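Listed below, chain by chain, are the residues.
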Amino acid sequence: MPVNTTLADTSNGLLLSTVILYALAMLCYASDFAFARHRVLAGVAGAAAPAGSPELAAMPELVTAGVGRHSAPPVKRTAGASGAPSAGAAAGLAAGSAGEAPASRWPSGFWLRLGFGLTCTGVVLHLAAILTRGLSEGRVPWGNMYEFIGAFTCMAVLVLIAASVWYRAYYMGLFVLLPVVFALGIDLTVIYTPAGSLVPALQSYWIAIHVTAMIVAIGLFIFGAVVTTLYLLADRSQRRLAAGQSSWSAGIWEHLPVPAILDRLSYRSVLFGFPVWTFGVMAGAIWADHAWGRYWGWDPKETWSFITWVVYAMFLHARATAGWRGRRAGWIHLAAFGCLMFNVIGVNLWITGLHSYAGMS
Amino acid sequence: MTGVSADDEVRAAEPDLARPAGQPGTGGSGTGAGGRRTGGPRTGRPLAGRLGRAGWLRWIWRQLTSMRTALILLFLLAVASVPGSVLPQEGIDPAAVTQYYQQHPSLAPVLNRLSLFNVFAAPWFAAIYLLLFTSLAGCVLPRAFRLVGSARQKPPRAPTNLARLPASATYATDLTPDAALDSAAGLLARRRFRLHRGDGWVSAEKGYLREAGNLLFHIALLALLFSVGVGGIWGYKANRLLIVGQGFANTPTDLDVFHPGRLVSPTDLQPFTINLTSFKATYVTSGPQLDEPIAYDAGMRYRAQPGGPAKFYMLTVNHPLVVDNVSIYLIGHGYAPVFKVTDGAGKVAWDGPVPFIPVQQTTLTSEGVVKVPDAQPYQLGFAGVFLPSAVDQSGQLESAFPGPLNPRVSLVAFKGNLGMNSGQPQSVYTLDTKGLKQLPITPRPLSAGQTEKLPGGAGSITYLGYQQWVSLAITYDPGQLPALISGIVALAGLILSFLIRRRRVFVRAVAGPDGGTTVSFGGLARSDAAGGFENEFAELTRLLRAEHDGRAMQARQVADGTAEVPADADDRERGEPSTRPASPPAVAAAATAITAEGDTETAAAAAAATAAATATAAAAVANPEMLTSPEEE
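If you're matching them up, the sequences are chains A and S in order. For reference, each letter of the first sequence is one residue, going 2 to 362 in our numbering. For reference, each letter of the second sequence is one residue, going 21 to 653 in our numbering.
Keep in mind the hints are simulated off the structure, nothing from the lab. These numbers were taken from a predicted model, which means no experiment stands behind them. There's no promise every hint is true.
[Stated by the list, open to error] Computed from the model, here is a short list of chain S residues facing chain A with C-beta under 10 Å:
(1) Q109
(2) P308
(3) Q309
(4) A315
(5) V337
Glycine is no exception: its CB is placed at the ideal position from the N, C-alpha and C atoms.
The whole structure should be built from the sequences, with the hints applied where relevant.
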């Protein structure tokens, strides 16, 4: 299938514009931290309730305080007035809606709005870049390292947007876009591969299943790893302050939710990412069976996806184990992400195997 | 016994708020916590002397099945896999192992003794995963029994003070306590909670599928391991290099490489035959992707049984041929130059293609050897390089393209003893030059039809042209389908366990001193991995209030004589006699209570106060700093 070079050039231009927009969005998110008067935390509270976090579970007084409010003296008398039931029903409805959305889902403040708007515009261009690249080649646009990085960074930004809206994690914008911009910069300069066709081994509908699943999982894992890094730093700062020591980063954490909420957010991203990764590995095994005659052969890429899976499984187990949750689990999480990144980049660069079609030599 | 049970340890970390103070923990009473792994026995070593052999065994078993051990084993499994990806592996690339031996002659034997060239079949690797799976089985099976037990048991009694639960709300209604509990039980039953009704309270629990999903996942992993084992015992793997025009039968002697499973005998092989009729490779001829392959098509004629009908199949990458549950894959290809060798006696000692092995994948520069053991008076041997598209690169001949645009062969000739009768197994792709003497000919690139005369009357070699060959992988794996099913079940279990939360809610209704009823509603999620219990609780609170308010209104209307039909559609469906208007005693009681206390102004104030209280509760539910719900996975 001949490559449509006009479309391929369009794709390159779109991706470059995407990087610029992301970089501008980063500036806005940073400005929000610097200039905005409000604490981001206030907008965060509703969705990312830190249920189960050890820190808060260990604070019965908080629970009691909360309880104290709504176990106020019970209402003594109710009566058959015609107005009463509807008032009650209205209160119930109000309670319901209040429970779902105590604060607006959307960003507040000039810089945050601008940053979020730029992020969303950027991701639209990013998707357009991927689409035009695919159209120019007449195939799924994840056949080499250049395309793969372009795709999973896009997924990471989509996860950022989803988390921003669902969990009001707007505070993550700066920290997620930072590695994304960095990766895309390298992608466009060092790793860039011109549009082209696929080698026979990749000509299968399984590429759309296996690689797509991996892209989704990696996007989620990137988000989770960034949150965990923040969690570990914030936790460290908090412990230093609690111990009466100084913490250079204390000013940053004032703009972020408490560590427990970060911990929970990163956990959620793994909860989404882990089954997707599992599915991706399984789809890869099925494809390997079609292409190479065995579903598992300890090819370096397979081995490292297995190692990644095992270390993420360790994280999930550690998080459910007394004495391991919190900081230790956070470190395991980062180790798992390290394995993932080694699998994505290191195995392609340094180890030859059946997966060596990264287009890098 | 050490006295510290699994339950204690977990409970220490996750206070089981739902357990009423007066109720002893009966082995976790079916909650998830009961069956969980411990963080690790904190009792240390058992005291020697006090423990018998059974005690020791129990202690070891408990160590093995503890979560800490599982974590360590997972870690070891990950670390143990690393050398398998860094060092060359026998099972993947034996040639690379040989090369490693040549490059590191002193280190390689040491690594070999540690099974580091065969990591995934190494005893220590097996030890790790077998221990891990034993640990897993030891954890999962008791939990499975407990889950079955807990599915039979009722949810625990409601705690006395529901306000102490992570999520709670209180409001007033003018139903009687019993009527309020009846309708609450009905609401929760409709939402498929399991109920336990007591005096003045209702307990409800939901989400048992979470633990079931978790168990399913782990059991499916065990099944996956067994499936892999089945494939290793009853399956086989083979390789066959096949030149166009040639054929083979699926018997051990006719296969190049044959790795049978432990219980496979030669007669078990499916008796098909395959002939390669054509092979075509297509490459990119211009642009940045020059030399890259586009397609490989291997036409083959096969018979499932000898004498059976011959069928044709175009074998391509990603589309294996399946015969009799055996899959045949196209995994490689190359060139086989055709030679005719005439020996010193003037007899044709070799006439046919010789497969050369690509040493350079992008341009398919290939190397190979021609062994002519029948040549007289000396045996002859040739080592050659095949260039599919030879071009002169500043005096050096190279292949510029993988397709056969300008095929050339250059040869080095030897005479002497090939060493093929020494009893030592020999590779057909290398020449053992120990007993050979190189003949002084200047290598030159032969094109098809050209002949090289050998000095000293040793004979001649003619390059006639080329054939292509493919390498086929032949696999039979009866564990494949079970492995696939296990994988799908594992994934389903994983998703179930991540999506579903196990939660309990409790309702208590108490009659106030002046006729009203105070309903307190509380709940907690035992496992709320994906979050969202707060919202569910708020929604339940809203529904419960609406239900109670609705019923109270009906009751009033009945009392006032204005009621015609029940307002609540759910109520009609359910047809619960005790609270329907048609059921006189309850309604009469409620109506009496209301009329006795009837006072419009107070009622309005009360309703407002109730609304405020609910709003506070909802806000509290939504605010993470005010509430927590213990969670465990």
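Of the hints stated earlier, which fail here?
-> The structure conflicts with no hint, since it agrees with every one listed earlier.
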